[in-house]
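*Asks:* Sequence:
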Amino acid sequence: MINDLNDTLAALLEHELALKEAGINVVFAAPDTRFFQKITPPLIAIFLYDIRENLALRVSEPFAQQKTAGADTTALIRSPVPIDYSYLITAWGSNGSETAPDKDQHDMLSRVLHALLRHPIWPAARLKGQLAAHPLPRAFVAQSGHLHNMAEFWSAMGGHPPAVLHYTVTAPLRAHDPIENIPVVKSVAHQAGNK
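Position one of the sequence shown corresponds to residue 1 (our numbering), numbered consecutively onward.
Calculated directly from the structure, the hints in this document are not laboratory data.
On a predicted model such as this, the values are computed, not experimentally measured, just so you know.
Just so it is clear, CB atoms sit at the ideal spot from N, CA and C, and this is done for glycine as well.
You may find that some hints are simply not true.
As the list claims (entries may be wrong) - The calculated lysine-lysine pairs, modelled on DSS-like cross-linking and capped at a C-alpha distance of 27 Å, are:
#1 K186 x K128
#2 K103 x K38
#3 K103 x K128
#4 K186 x K20
Claimed, not checked - Pair ranges (Cβ atoms, derived):
#5 Q191 x H134: 38 to 46 Å
#6 N25 x V81: 50 to 58 Å
#7 R78 x N25: 33 to 41 Å
#8 G23 x I182: 30 to 38 Å
#9 A189 x N3: 48 to 56 Å
#10 S60 x K20: 13 to 21 Å
#11 I182 x A133: 18 to 26 Å
#12 K186 x Y49: 49 to 57 Å
#13 Y49 x L113: 17 to 25 Å
#14 R52 x K103: 33 to 41 Å
#15 H134 x D50: 14 to 22 Å
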């Protein structure tokens with residue numbers, strides 16, 4: 001599921017920004033000291049830093065019913081679990097380094113921000129893998145997410161803090177297999193009488 005999210009996010013940015021034509025790569029990597037040694041700008045770096053259930057979107061009805069092709073049986077499918085996937089997105093310009101942000105970085109990050117704001121719900125045509133079979137993922141741009149101390153984060157990563165875009169995608173995760181071949185109740189008979 002995470003790879004499908006990453007593939008969809010990369011495809012969405014490529015479609016919106018024509019990154020390949022501009023010579024800009026998208027990488028999914030932790031922005032630690034090794035990252036700075038191996039990057040070749042210009043690029044957009046995306047780091048998944050938090051995964052958790054979205055309790056506000058949890059469905060109280062535990063089962064949804066789905067009719068099967070046969071009229072005699074049905075299947076019960078548990079509602080998918082809404083999961084928040086929180087990303088940090090940074091941009092690295094052609095002349096930039098970890099200590100010298102440049103105009104290219106801010107321009108690329110601005111373009112990414114505009115592209116993501118245009119899609120609070122990801123387009124069905126762009127969904128990859130398992131995401132294509134689920135309700136459309138919702139995305140939230142520039143939210144603080146669950147990372148409250150950015151200075152501490154960058155210190156732990158061994159780098160200097162660049163401009164960062166927080167991005168959270170809420171996507172449904174099917175945690176349970178359907179319960180198949182449940183007989184359908186077609187009629188109910190009631191008998192009343194004296195004993």
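*Asks:* Are the hints correct? Go through all of them and say.
*Replies:* For each hint, the structure was consulted:
In summary, the hint linking K186 to K128 is not supported, as the alpha carbons are separated by about 39 Å, beyond the 27 Å threshold. Taking the CA atoms of K103 and K38, the gap is near 21 Å; set against the 27 Å cutoff, the hint holds. Taking the CA atoms of K103 and K128, the gap is about 33 Å. The hint is violated against a cut of 27 Å. Our distance criterion of 27 Å between C-alpha atoms is broken by K186 and K20, whose separation comes to about 57 Å.
The beta-carbon spacing between Q191 and H134, approximately 45 Å, falls within the hinted interval of 38 to 46 Å. As the Cβ distance of N25 to V81 is approximately 33 Å, the hint placing it in 50 to 58 Å is violated. For R78 and N25, the Cβ-Cβ distance of about 39 Å falls inside the hinted range of 33 to 41 Å, so the restraint holds. For the pair G23 and I182, the supplied restraint of 30 to 38 Å is violated, since their beta-carbon distance comes to about 55 Å.
Checked against the hint of 48 to 56 Å, the pair A189 and N3 passes, with Cβ atoms roughly 52 Å apart. Distance hint check for S60 and K20: the Cβ-Cβ separation is about 45 Å, which falls outside the suggested range of 13 to 21 Å. A hinted range of 18 to 26 Å for the beta carbons of I182 and A133 is consistent with their spacing of about 21 Å. One distance hint, 49 to 57 Å for the beta-carbon pair K186 and Y49, holds here, with the actual separation near 52 Å.
Separated by about 18 Å at the C-beta atoms, Y49 and L113 satisfy the suggested range of 17 to 25 Å. Hint check: R52 to K103, Cβ distance near 36 Å, so the stated range 33 to 41 Å holds. Between H134 and D50 the Cβ separation comes to about 20 Å, which falls inside the hinted range of 14 to 22 Å.
Checked against the numbered hints given earlier, this structure breaks hints 1, 3, 4, 6, 8 and 10; the rest are met.
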